[in-house]
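Use the sequences and the hints to build the structure in full.
Sequential numbering of the sequence shown, starting at 1, is according to this note's numbering.
Using 27 Å as the maximum straight-line C-alpha spacing, the simulated DSS-like pairs for lysine-lysine come out as follows:
hint	residue 1	residue 2
1	271	228
2	228	148
3	271	148
To be clear, the hints were calculated from the coordinates, so they are not data collected in a lab.
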Amino acid sequence: MSDHPPDPRPLGGFLKDRRGRLDPAAFGFPPGRRRTPGLRREEVAQRANISATWYTWLEQGRGGAPSADVLERIARALMLTEVEREHLFLLGLGRAPEARYRRSDAVTPRLQRVLDALDPSPALIRTATWDVVAWNRAAAAMLTDYGKLPPDRRNVLRFIFLDPRVRAAQSDWEGVARFVVGAFRIDAARAGAAAEVQPLVEELCRLSPEFAAMWRDNEVYGQGEVVKQIRHPILGPVTLEYSAFAVDGRPDLSMVVYTPPLPEDAERIRKLIENPG
1 MSDHPPDPRP
11 LGGFLKDRRG
21 RLDPAAFGFP
31 PGRRRTPGLR
41 REEVAQRANI
51 SATWYTWLEQ
61 GRGGAPSADV
71 LERIARALML
81 TEVEREHLFL
91 LGLGRAPEAR
101 YRRSDAVTPR
111 LQRVLDALDP
121 SPALIRTATW
131 DVVAWNRAAA
141 AMLTDYGKLP
151 PDRRNVLRFI
161 FLDPRVRAAQ
171 SDWEGVARFV
181 VGAFRIDAAR
191 AGAAAEVQPL
201 VEELCRLSPE
211 FAAMWRDNEV
221 YGQGEVVKQI
231 RHPILGPVTL
241 EYSAFAVDGR
251 PDLSMVVYTP
261 PLPEDAERIR
271 KLIENPG
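Have a look at this one:
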């Protein structure tokens, strides 16, 4: 974040533009005769529970930087999307708003098509609590057949710490486990999901002394370039490059892709998913 406050003029222009897009009748305001489309400044101020003078100053680029609370109220008053809300904070304060975790397991067909197009690279979508909510054929064949599990058991941490089969498939289980715990801690904090992950953390601490010890270590890891070695029951040893990506517009989701760097491994995975028997 810069030491200098943001230029207030872009914020004013953004507010004026969004105000002009709203239908007064939809908010119970009489349409009447209006010189310009949209809500009046005093109507936005009323919805945001701030003074009309202060809101007018914001649109005119006067009055100094607004507080995060004021921006939150204005975002609700103008019915901004999550992307617009983030842009509002960047214009007003020079930083993104604090994360608000909204759990949703819904994955669009378009996102599923992206996963499917990545075969033979195993790929999946996980929530901030590391529940797997979508995957492709390669992930089912190489990692876990998530479709055979109830939704509440499709959790990466449960697999690593509570599933002997998954543990045996790791060539360096302890290294993988420490990375998973550290990266999970960062993901949950970034998404504002500390309260949502607490039941899972308590369950794992109770069922796995190893998880409890690693959680107490308070280590954190970024999700940079990682190479994963797994022992597949049919293919044997396979090397996969781990990459994690944010899903645009969905701060609660991330995409994980395991790319086989060796062409021969990619071909072996392709044959496996085409002929699973």
